Structures are given as C-alpha cells and as structure tokens.
Amino acid sequence: MSPRFRRHADLRLTELAGEGIVLHLGSRRYFSVSGTGLAILEALIEPRSMDELVEMLTARYEVDAARARASAGEFLERCRAAGVVLDEPAA
Amino acid sequence: MNPAVPLVWRLRALQASLLLPPLVRLVSLGRLSAWLGRIGPPDPGLDDRALAAWVDRLLYAAPPPWRRTCLTRGTVMFHLLRRAGRPVELKIGVRRDGARNLAAHAWLVLHGAPYLEAEDHPSQAFADIATFPERA
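As you go down the protein sequences, you meet chains A and B in turn. Oh and the first sequence: position 63 is 1480 in the working numbering, straight run, nothing missing. Oh and the second sequence: position 12 is 277 in the working numbering, straight run, nothing missing.
Bound-form chain A, shown alone (with noise of 0.2 Å):
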C-alpha cells in the first residue's frame, strides 16, 4: 500500500492574490507557498497518497503526470521536513 500524506491539524491557509499563505497555529509562524502548494495542502486535509494527489494536479491544471509527480515530491519533501505535512500511518 502506497504511504499516504496528511496536513498538519494546526495549519490554516488562504489565498492571497494567486499565492498561499500558510499559519501555523501551534508555532504561529506564517509563509507562502505556490498556487499549487496550496491545493496540495487543501487535499492534505484527509490522508492522501502520491497517485491521488497526481491525478488532483493533472485534473485541475494543465500538466502531465511525470511532472505533477516530481513538484508534489518536492513540495511534500519540504513540507515533511517543517512538519506541516504527516505521514499518515498504515490502517
């Protein structure tokens, strides 16, 4: 079973002339991230794997799957990293 991703429960975001911002509530630090950052943290609101999270990007914007992959890789990497994206453990 592929592992599955969830956000942070502190996290609130909203959208700010075409960007993200993200507050952490637990930290109180806020940043931005991309458009696309801030789709991909609105899914994360129920555990999501990488192939669903693939077919969310290539449904909503114009980009293949290879590439979808490879930035939502990045981008959860990073977020994994700050702690504001989980794994979410096997059921």
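Worth flagging that the hints you see were computed from the coordinates, not collected in a lab. Keep in mind it's a predicted model, so treat the numbers as computed, not measured. It cannot be assumed that every hint is accurate.
What the hints assert, rightly or not - What the simulated footprint calls covered on chain A by chain B, stretch by stretch (three residues with Cβ under 8 Å from a Cβ of chain B suffice, anywhere in the stretch; the number is not a length):
hint	region
1	1429-1443
2	1451-1459
As the list claims (entries may be wrong) - Only part of the chain B face toward chain A is listed, based on derived beta-carbon distances under 10 Å:
hint	residue
3	VAL289
4	GLY295
5	ARG296
6	LEU297
7	SER298
8	ASP321
9	LEU324
10	ARG361
11	ASP385
12	ILE394
13	ALA395
In this text, a Cβ means the ideal position worked out from N, Cα and C, and glycines have one as well.
Use these hints to put chain B onto chain A, whose structure you have.
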C-alpha cells in the same frame, strides 16, 4: 485605575493578562481558543471599551512576553469579553506589505464588524486565515 471597570473585572483582566500571553506561545491557538472561548453569563454593567483600555494599559506596561501585541491583546480580550457574555470572535488575517513582506494581524469582531479597534481599522486589507472560536 479606571473607575468604570468594576474591581472584579480588573482582577480578571490582571489574571488573564498574566496567564494568557505566555500560554499563547506554548499552546496551539486552536486549542487555547477552545478553552478560552466559553461564553459566560451576560454582564450588562461592564463597559467593554473601559475594560479594553484597562487591558491595554496593563499590556503596554509589561515586558515580553506579556507586552501588548495584537495577538496578546486579542487573546486576553477574547477571553474576558466572552466570559462577560459577548459573542466576540478573534480573527487572524494576512496581507502583503510590499513584494517581500508578509504581515499578520489579529483583531476582535462582534456581529461581523471590528470591535474595540481603531475606527480606521484596516480589516478589509487582510485576508482572513483563522477565526476563533472555530466552527466544527
């Protein structure tokens, strides 16, 4: 001392101003607001503006982490006003200040309008990112 604020509310304000600013740094705002947001019995005798002025004076005079910021003031007033039966909300918004700087601000809202804030409060300039108490 402000005679318009009853002694019991001055003591509550002092207690909240001592306890909450450090807690804001330690506990997630989502969890903290759930603890602080319980609505108490309405106190029609309380002058909300005088209470806010009392809290402002306390926090302006205090060192960090108690010193007044929009978030410490908002959190303290959110708790006190809801305890006094006012259904206030605490909002956090963000905006761009120039190309590089991202700014966040916290303010009180009552019945959809900024409450106990400056008349020219720039709430419209901020995109809402969180509102407390949060709806399930």
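Open item on the list: I'd like to know which numbered hints this structure contradicts. Please list them from smallest to largest.
Closed with: 2, 8, 9, 11
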